[in-house]
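Chains as they are written, first to last, in my numbering: chain B, 1 to 109; chain R, 1 to 109; chain H, 1 to 109; chain D, 1 to 397; chain S, 1 to 397; chain X, 1 to 397.
Don't read these hints as lab results, they were simulated from the structure. Heads up, some of the hints might be wrong.
[To be verified] Lysine-lysine pairs mimicking DSS-like chemistry, simulated, CA-CA at most 30 Å apart: (1) R/K75 with R/K23; (2) D/K33 with R/K34; (3) H/K2 with H/K75; (4) R/K85 with R/K23; (5) R/K23 with B/K98; (6) B/K34 with B/K98; (7) R/K34 with B/K23; (8) X/K249 with S/K33; (9) D/K298 with H/K43; (10) X/K367 with X/K298; (11) H/K34 with D/K33; (12) B/K40 with H/K2; (13) S/K367 with B/K43; (14) D/K249 with X/K367; (15) R/K98 with H/K75; (16) B/K2 with R/K85; (17) B/K40 with R/K98; (18) B/K2 with R/K98; (19) B/K40 with X/K247; (20) S/K247 with S/K33.
None of the values given here were measured: they were computed from a predicted structure.
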Amino acid sequence: MKMVIAIIRPEKFEAVEDALAEKGYLGMTVTEVKGRGEQKGIKLQYRGTSIEVDLLPKMKLEIIVDDGHVDEVIKTICENARTGKYGDGRIFVVPVEKSVRIRTGEITE
Amino acid sequence: MKMVIAIIRPEKFEAVEDALAEKGYLGMTVTEVKGRGEQKGIKLQYRGTSIEVDLLPKMKLEIIVDDGHVDEVIKTICENARTGKYGDGRIFVVPVEKSVRIRTGEITE
Amino acid sequence: MKMVIAIIRPEKFEAVEDALAEKGYLGMTVTEVKGRGEQKGIKLQYRGTSIEVDLLPKMKLEIIVDDGHVDEVIKTICENARTGKYGDGRIFVVPVEKSVRIRTGEITE
Amino acid sequence: MNSGDIAWVMTSTALVLLMVPGVGLFYAGMVRKKNVVSMITLSIISMIIACVVWVVYGYSLSFSGDVSGFMGNLDRAFLRGVDISSGEPIPEMLFMLYQMMFAGVTLAIITSAMAERVRVSSFIFFGVLWLTFIYIPFAHWLWGNGWLSKMGALDFAGGMVVHVSSGFGALALAFLLGKRYGYGEHSIEPHSIPLTLIGLAMLWFGWFGFNGGSALQANDIAVNAIVVTFIASCFAGLTWMAVSWIKGKPGSLGIASGVIAGLASITPAAGFVDVAGAVVIGVISGILCFIALDLRIKRGIDESLDAWAIHGVGGAFGSIALGVFANPSISGYAGLMYGNANLLVSQIIAVIATITYAFAVTFVLAKITNMIIPMRVSIEEEYVGLDISQHGEVGYA
Amino acid sequence: MNSGDIAWVMTSTALVLLMVPGVGLFYAGMVRKKNVVSMITLSIISMIIACVVWVVYGYSLSFSGDVSGFMGNLDRAFLRGVDISSGEPIPEMLFMLYQMMFAGVTLAIITSAMAERVRVSSFIFFGVLWLTFIYIPFAHWLWGNGWLSKMGALDFAGGMVVHVSSGFGALALAFLLGKRYGYGEHSIEPHSIPLTLIGLAMLWFGWFGFNGGSALQANDIAVNAIVVTFIASCFAGLTWMAVSWIKGKPGSLGIASGVIAGLASITPAAGFVDVAGAVVIGVISGILCFIALDLRIKRGIDESLDAWAIHGVGGAFGSIALGVFANPSISGYAGLMYGNANLLVSQIIAVIATITYAFAVTFVLAKITNMIIPMRVSIEEEYVGLDISQHGEVGYA
Amino acid sequence: MNSGDIAWVMTSTALVLLMVPGVGLFYAGMVRKKNVVSMITLSIISMIIACVVWVVYGYSLSFSGDVSGFMGNLDRAFLRGVDISSGEPIPEMLFMLYQMMFAGVTLAIITSAMAERVRVSSFIFFGVLWLTFIYIPFAHWLWGNGWLSKMGALDFAGGMVVHVSSGFGALALAFLLGKRYGYGEHSIEPHSIPLTLIGLAMLWFGWFGFNGGSALQANDIAVNAIVVTFIASCFAGLTWMAVSWIKGKPGSLGIASGVIAGLASITPAAGFVDVAGAVVIGVISGILCFIALDLRIKRGIDESLDAWAIHGVGGAFGSIALGVFANPSISGYAGLMYGNANLLVSQIIAVIATITYAFAVTFVLAKITNMIIPMRVSIEEEYVGLDISQHGEVGYA
Ligand SMILES: Nc1ncnc2c1ncn2[C@@H]1O[C@H](COP(=O)(O)OP(=O)(O)O)[C@@H](O)[C@H]1O
Ligand SMILES: Nc1ncnc2c1ncn2[C@@H]1O[C@H](COP(=O)(O)OP(=O)(O)O)[C@@H](O)[C@H]1O
Ligand SMILES: Nc1ncnc2c1ncn2[C@@H]1O[C@H](COP(=O)(O)OP(=O)(O)O)[C@@H](O)[C@H]1O
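Could you put the whole structure together from the sequences, leaning on the hints where they help?
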């Protein structure tokens, strides 16, 4: 199993959520986060000077899936979260060793 | 070392927190999250139609423990977070390669 | 690649953020969390009795870096987040198997 | 008629209106995030219902004529004949509007016992019944020349009409509706104390109109009313703070509860007692309502936002206390302290009557409502929260 | 002069001032977190601009003399000759201040169409133009003895001067400024409904001064005004709730919108219609404004906070309705229902004139502003939010 | 006596009360989340303490008789002999209540310097001392026929009594208490600007009662007071906005600070200066208080919420400015501009005396308090926040 961690634009969240549901990926955990990318955020120009807003609101999705589904999940997220502009976000995959369903106690390794 | 990630009902948080403390598991990091489970949340009925509330508030606990303690932590959480109804949540275990205590700089691998 | 997860004092966040930027580590994702340490938080004394405030606000930084940079990131965080008092926080390192840039679709393994 | 009196009662009317969202915000800060919209909206709806009922028949049944001491007649239904330029001491139309606000606030107060669990459609239905069979009779009994006022009972600004009715009504509802899911098992924390304190600000401010306006003139009685009202509220706040400090820490919600307890307690007495009376009433109400609240919690009764402990107990206490402290030099009524036991007797009878009636009839009305539209939402709706389930809204995005 | 009247108009002045942040908070709760400061600040700035304009030339051009029915003269510029102790029925200086608040509120209302996208410097520039070329003429036309009032058109407290002007102005702005980035593509949710409801509380409360104070005396007309105002607001709130319930759930924002719709609709009529008229106006406005709002959304017009649907449509409707329902026993003016068609004709002409003028001139003024200082911020600034980009602040830390 | 005057002062009393939570909310938005409850509660407690002190001896020592120009006597302790129906121009009992609110607001303002670090028990102790040895003397000196008023110094609504006393008192406290832990090292951001702006709304609104009510009648002076008050506030807000814009962005907190600076500055002058004077006072106060605030920050003084820079400096400036701009046609007092230098001299002496006394005596009282109950909480309590450590509450769950 893997944990797919996707950091996306908040305004794309609905689209991603729906697309994942359609493909059958229902389980997910969502956190409101702030992120700084490699461009150090957004530059705003003011009379000569400029300020940078470096921490921008993002949504973090954590989705645990079996190894075989990782690529489809990534593809789905990418397609629905992309605007093509800086700040679209990242997806990271982390190994998961064990998963437990609290309601039933059932364990998947 | 492992990171035990538990996603539980907010109303069960106190019970879980206390139970863990009692067993000596004090360190933990807690995040307010929202989650969608495999039932797509809760269905509410209205005159013929029904709506689904799919993102429900949950608490995410992250607990780093030595490998040998993982099972006890999982057990403790399960016992105290369970209601038996849909939405009780999940526990995931992720490997941790290194742990540093900032105050002292001491490193555990 | 690794994910460096640092849990630090909120009031040290600016310093850490700046120090990381200076060393060229720009990308990061930040979450407001609460944490309990091994001292069970802070003890307040009141006429005989005492109460413990066990969950204190912390900032969680998640920084994905190549393996070779992990130590520098840890060092930078430690130096800038340390006060020497209880509650300075922890850093954990978790393996990352894959990283995707949503904007371009480019994948790093 | 006098423009100063009209100005004051118009201002007071606005002030009492502000108390309606004031109650809503005060309550809303103390519920969970998922019910914040619901809690404020229940107050707004209370006012809307009260307005409609009042225009159609409420005012008439309260203040027009008298049918065997119990209710008024329907001569002024649809405000027929209510005039904008005649009336004593203010135009009757203004009196009607001022009184309408009281009905709205009272219904808002009782939502305490339905917090986080009531079906909104059912609340509307219940609200109409409750105003009709409890609020309107009470207004008539005490202010519309009904049996209690004929008997000599006094209620300056609503100790019984407003506070006993809603407070003891809330208690009955709490028994009938039962606890919120999980109450007593896991902690249900106030989600925003600042919101509650904004509500407190509106209530404290608005109460000047509530008690001061009840003189219906900008005269010495009005002055006395706002002075004793304010002093009682501060002394009650201080007392509650002190008492709660002994047991732990002086929380802001405690101080706020004390202030409201003082306000509710002085309400029936504001036009009759002097400053000394106000101080005593304030101090005792701070202790008494604290004890009531404590008792309610210990008994595990989920009268969620303490309309009973604060408004009910405070209003009842104040109604009796005025029978003791009424100073004849204020409005001509003498209490026990000034050698007259009759007033105290009337007050006690009135309090017993209103408590009993409010409790019993609320219970019956809620039973009836339950048979037609169940008052409690389903367990799922409660879990998800009333904001989403009843209003399709999310308080904070 | 009479201290009661002065007291009432001073109180009313304060009440109308409170509506300025009231509008700001009402709006601010409905935008995204990143624009909360901006939204409230636009209202505060509106009041500040209005004050300066009013003192320098606004009051004079509105109320001093008359130049061919279109505008006043500059005799009272810098408030020259405006007296604190003479005037009928209240000191002219007080009348000036009371009227100043209306200018501030009106400019605040129109910020609806600029929500989450306006450059603050440009707004200030536009605001001065807008007050000068729209608000001031309207105030003169209807209240300063200008052509519409000479023609016989009535506007008690600003149905056209305040609500049509800002509502239809907002519509023009919405067309010119265009949609917020992402509007219609992803949902833009209200970030804090409690904030909006705090704003509602201030507006509901403040409206007593808005309509009641417009009588300029604490008399029967003032009483009538507050009574019909309040009743119309409740019936409109009830109607909106009912209509929206049929389509889904009764949201708090819907009920609040209904209440405001009722208030805006009754505003022009408050001194002329009776309770029956108020009920009808309330009910119809609840339906009409609901439909208007629905239409706006379906058309994909981003008049973001519905100044048009609620204030514009409500104010226009109420201005016409008073031509139908004006009851001569209130202020001596008879509407169609009392056998006089003339008033209705004047009202219709006035509404058409003000709608056309407000829409067209707002459009032109915004075009001009755009040429000097672009009204919309850059896409990056909009994305980051106006709080950071315009004010360098973060609403919630 | 006149019902219009009574109505107006009763309304004003309510308005000033609203400023108490207004100050609390204004401040609370600017502190960190963990101290939000504390900040509002300090204001509420201020009012409660002030009420008790006022009833017991405060009113008497301020306004009853005169002991060598410094203080009144105890003849009216426990409000003995304070009447509800006699007094000039309003019942003395109403005057007493109106004045009580001022004491409450003043103590609330000074909490600025204790933000996020004061022990609540110690604050109560200090508050009683401070009212007794600073507020009450000042009220007596300027309003109770004490030495400053005998000397000819004027203070219409509290430029010195309220604003200099609390502002310079806050400065002394800031020196004595020291900085908040971490101040200057890491940024301490306002946690909720909307909360602060809700507070601003209450203050702006309430100030109509603060300055307008100080005429004690609904007359031309009251009208003048509210007009110049409002105009000064807008011009000061505009100026602050402009000045801050030159240096960066026009923040909402800056505009709000400007508005309050204008209000504080015009307070002593509101019954004496005309519109032109108000404009000048407004503009200068916007610049002056901005500079003061800037200076305070540069000096690294943690007078956390700027009672000194805004109320202290503003109140002192306005008190002197009235010596320049007082227009004899308003209340009969002429300033320098009208050829009378005496008033200016008295004002300067009064300002110097009150600044010195307020600063020095506050320092001493805080020292004394510190010896009995340390004013600062422990470092752990400060770190955890006062909400938990002092009140056992959490602002937002
Ligand atoms: N190295 C990193 N570690 C953790 N999070 C990152 C990293 N780089 C980017 N992110 C997250 O992804 C978000 C978008 O990154 P950014 O570089 O702006 O996007 P893009 O790749 O489209 O240019 C950031 O706001 C941050 O939350
Ligand atoms: N595949 C998943 N990935 C990430 N989080 C999940 C996943 N499945 C469930 N969760 C989390 O667990 C919570 C409870 O899941 P749910 O399926 O409703 O519980 P149950 O297993 O009791 O039916 C969800 O709200 C979500 O936060
Ligand atoms: N075992 C753990 N698992 C997860 N988070 C932890 C653990 N131990 C500590 N933390 C996090 O680190 C924070 C600081 O820990 P603490 O033990 O108080 O610091 P210190 O190591 O300086 O004494 C905690 O608040 C918590 O968020």
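For each hint, the structure was consulted:
1. R/K75 with R/K23: 11 Å, holds
2. D/K33 with R/K34: 14 Å, holds
3. H/K2 with H/K75: Holds, at about 15 Å.
4. R/K85 with R/K23: 26 Å, holds
5. R/K23 with B/K98: OK: R/K23 and B/K98 at ~22 Å, within 30 Å.
6. B/K34 with B/K98: 28 Å, holds
7. R/K34 with B/K23: 20 Å, holds
8. X/K249 with S/K33: Roughly 19 Å between the alpha carbons, so the hint for X/K249 and S/K33 holds.
9. D/K298 with H/K43: 28 Å, holds
10. X/K367 with X/K298: Answer holds: X/K367 to X/K298 is near 26 Å, not above 30 Å.
11. H/K34 with D/K33: Distance of about 19 Å is within 30 Å: holds.
12. B/K40 with H/K2: Answer holds: B/K40 to H/K2 is near 21 Å, not above 30 Å.
13. S/K367 with B/K43: 28 Å, holds
14. D/K249 with X/K367: Answer holds: D/K249 to X/K367 is near 25 Å, not above 30 Å.
15. R/K98 with H/K75: 13 Å, holds
16. B/K2 with R/K85: The hint holds at about 26 Å.
17. B/K40 with R/K98: 28 Å, holds
18. B/K2 with R/K98: 20 Å, holds
19. B/K40 with X/K247: 24 Å, holds
20. S/K247 with S/K33: It holds: about 28 Å lies between the C-alpha atoms, which stays within 30 Å.
Hint check: no violations occur; every hint is consistent with the structure.
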